[in-house]
Structure formats: structure tokens, C-alpha cells
Amino acid sequence: MASGRKRNFDIDAALEQATLVFWQKGFVGASMTDLTLSMGINKPSLYSAFGNKEELFVTATEHYLAKYATPHIEKLQQQDLSIKQRLLNYLLSVVEMHCDISLPKGCFVSLCAAESASHDMPQSAMDAILKIQGSHQVFLIEFFNKEKSQGNLDLGFDVEANVNYIMTFIHGSAVLARSGKTLDDLTQAVHVAVKVW
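Each residue of the sequence shown is one higher than the last, beginning at 1 in UniProt numbering.
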């Protein structure tokens, strides 16, 4: 994040608003006017505080990860619950966010990962999204391998296939939420999905 003179605005609140704009419109769809209006600042202030649009997007992606994505992961780490209950809680947490009426529908990462395939995003913006997506996949692989080693899953459990299944479900539910499916719809889908385990 760029350093600058003393600011007369709340930088954390401005970053939150920028994150919501990117979440709603993606990198390409979010104009500088969209960003400055939502953040309540002018372009020189944006450049001073965050750098250019690309740098702001990378910072917003990190903000999304810390504030919105990490709480889902925490559901898998509740060791006092069965693995099935943890997986249920994890996916329910995800779809609740996808459908939260106070937030843009769907998932910031899902939207921007799909957008990155067009190659209209700068490399550092694409890298930020793909890094989050990759780290999520690595986390799930490590999670399932640990559960197998602790005897909570059958030794024949296919970790890679199940991680791909979860990633497919999450990205698919994000698209469905953006297209109007309700929380009830996606909650039912979660319960069907968890029957796999």
C-alpha cells in the first residue's frame, strides 16, 4: 500500500468499500469512478493511499481473504466436532456468505477467477486471485490428509477428488447465488453434498 500525506478519510472503511465494488463488478467491470464514489475519496487520494487500480485490487483481495474467507476455514478446525459436522458447518458458512443480503452475491474469488481467464486483468491481479484459490486448495488437501492420518477418514478416501468436489461446489454455489438462488436452495444443496461423506 502506498504511503502518503496525512489522510482525512478512514483508510480501512475505504478499503472495505473498494472490496465490495470489486466483489460486485470484478476487476475489469469496476471503473475508477465506481471505486472513488464508493470509497468517498478522489482519485489523487486513492493513488496516494493505495497506488493504482491494480494495487488496490491486490490489497482488496487480501482484505477479502482475511475478513470474509478465513472464517469459513475456521469451521473445519473445530476438533470437538466430527469431520462430517465440520464439513457441513464449513459449506453452510460459505453459502450463507454467498447469499448475504448485506454483501454482493456469490464469491469475490469465484467471480475474479472466472474473469482472469479473459486475460484482461493485469498479471499481479491475476496472480493475487490464483494465489488465494491455490492456497485454499492446498489447505483442503492438507486438511483431508491430516484427517486420514488421524483415522477420521477411510484410507481409501481420494483426497484430490474430494477437494475438487468441494471447490466445484463452492464455485458453483457462488454462481447460483449471483443468479438468484436463495439461501434455502443452497442450504438444501449443502446437505445433499455432505451425504457424500
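Hints were generated in silico from the structure; no laboratory data involved.
Note that the coordinates shown come from a computational prediction; the quantities given were computed from them, not determined experimentally.
Some hints could be false.
With a Cα cut of at most 25 Å, we get these calculated DSS-like pairs of lysine-lysine [claimed, not checked]: (1) LYS43 with LYS25; (2) LYS75 with LYS131; (3) LYS25 with LYS75; (4) LYS146 with LYS195; (5) LYS105 with LYS131; (6) LYS131 with LYS25; (7) LYS195 with LYS148.
Cross-check of the supplied hints:
| no. | hint | result |
| --- | --- | --- |
| 1 | LYS43 with LYS25 | 19 Å, holds |
| 2 | LYS75 with LYS131 | 21 Å, holds |
| 3 | LYS25 with LYS75 | 28 Å, violated |
| 4 | LYS146 with LYS195 | 21 Å, holds |
| 5 | LYS105 with LYS131 | 22 Å, holds |
| 6 | LYS131 with LYS25 | 20 Å, holds |
| 7 | LYS195 with LYS148 | 18 Å, holds |
Of the numbered hints listed earlier, the single one contradicted by the structure is hint 3.
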